[in-house]
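Top to bottom, those sequences are chains A and B. Here this note's numbering is used: the first residue of the first sequence is 1, the next is one more, and so on. Here this note's numbering is used: the first residue of the second sequence is 1, the next is one more, and so on.
Because the hints were derived from the structure by calculation, they are not lab data. Incorrect hints may appear among the rest.
Stated by the list, open to error - Computed list of lysine-lysine pairs in DSBU-like fashion (alpha-carbon distance at most 35 Å, straight line): (1) B/K96 <-> B/K67; (2) B/K96 <-> A/K71; (3) A/K71 <-> B/K67; (4) B/K96 <-> B/K182; (5) B/K67 <-> B/K92; (6) B/K92 <-> A/K71; (7) B/K92 <-> B/K182.
As the list claims (entries may be wrong) - Take a look, some chain B residues computed to stay more than 10 Å from chain A by CB distance: (8) D93; (9) N97; (10) P138.
As the structure is a computational prediction, the values presented were derived from the model and not from experiment. Ideal Cβ positions, reconstructed from N, Cα and C, are used throughout, including at glycine.
Letter by letter, the chains look like this.
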Amino acid sequence: MMSHESLDPRDAVRTPDAATHPAPAAEPMADREVPLASPENPALWAAIDAETARRRTMRAPAGFAARVLAKLADR
Amino acid sequence: MRTVAPPTVQDDPIDADQAVIDRVIAGDRNAFGVLIERYSDVLFRHAYGMTGSADVAEDILQVSFIKAFHHLGEVRGRFDAWVFRIVANGCKDWLKNIRRTHLSYEEDDQPSGYETPEEELDRGEMRRDLDRALAALPDSLREAFVMKHVEGRSYEEMADLLDATVGALKMRVHRAREALQKLLEDRYA
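The following block holds chain A by itself, in its conformation from the complex (with noise of 0.2 Å):
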């Protein structure tokens, strides 16, 4: 049987039919989340979201830079 692959070099460059072949999806914008596929729990992403909110409030321990000082002087 014979092959119906063109031999014509042209057709390397053609651009693909846009019907069958359609163009990527545009890059979404750069800090949007991909959904999740399982429908999201509203409650809890509230929880994990207080929580995470909780969490982005934290802070390194009192005096710790004193004591990395006082490490390093030991030294």
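Mind docking chain B on chain A? Use the hints.
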């Protein structure tokens, strides 16, 4: 007419860090405290997110800053990115070792910030649940989730720090969120 002062070296955080590094290398050891104060909070959040323990996070930070002090002359470019990598590697090493022995998570002693004891109780439960669920994730997914949702970094910043593409990091955060939802949804239905 008002004139705007030209930007000084100190206006650029990278140059400001470099100025401090130069002082430390010249012999002003206490100037290193400026760099510790500048970056310890965000690095502590990272180490806590990765290890689930405030004590371990402090130990990792302490060792990392001491290592950074002794290698300050090797900093090329951003100090914050350089010291982040030291801390991130310290966390990964700790995780490798702890998995060989046992996994133990403890209460953190940070102020809770909740209004009522009931709220504190509910949130305390979520704190433990989230720590356990994060501990169940592969390190790369946990790292991406913590950097995005606990440290509040942009994907571009994460890509810069982790030497990965924005697309790959989005996928890691996505997979982390899917895994967390699976692990926790029964308890929060």
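Each hint, compared with the structure:
With a C-alpha separation of about 20 Å, the suggested pair B/K96 and B/K67 falls inside the 35 Å cut-off, and the hint holds. With a C-alpha separation of about 26 Å, the suggested pairing of B/K96 with A/K71 holds against the 35 Å cut-off. Using a Cα cut-off of 35 Å, the hinted pair A/K71 and B/K67 holds, with the two alpha carbons roughly 12 Å apart. Distance restraint check for B/K96 and B/K182: the Cα-Cα separation of roughly 24 Å lies within the 35 Å cut-off, and the hinted pair is therefore satisfied.
Proposed proximity of B/K67 and B/K92 is supported: the alpha carbons are some 16 Å apart, at most 35 Å. A threshold of 35 Å between alpha carbons decides the hint, and for B/K92 with A/K71 the separation of about 24 Å falls inside it, so the pair holds. The suggested pairing of B/K92 with B/K182 holds, with an alpha-carbon distance near 24 Å, which does not exceed 35 Å. With 10 Å as the threshold on Cβ separation, the claim that B/D93 sits away from chain A holds: the shortest Cβ distance comes to roughly 19 Å.
No Cβ of chain A approaches the Cβ of B/N97 within 10 Å, the least distance being about 21 Å, so the stated non-interface status holds. Every CB of chain A is more than 10 Å from the CB of B/P138 (nearest about 17 Å), matching its label as outside the interface.
The structure shown violates none of the earlier numbered hints.
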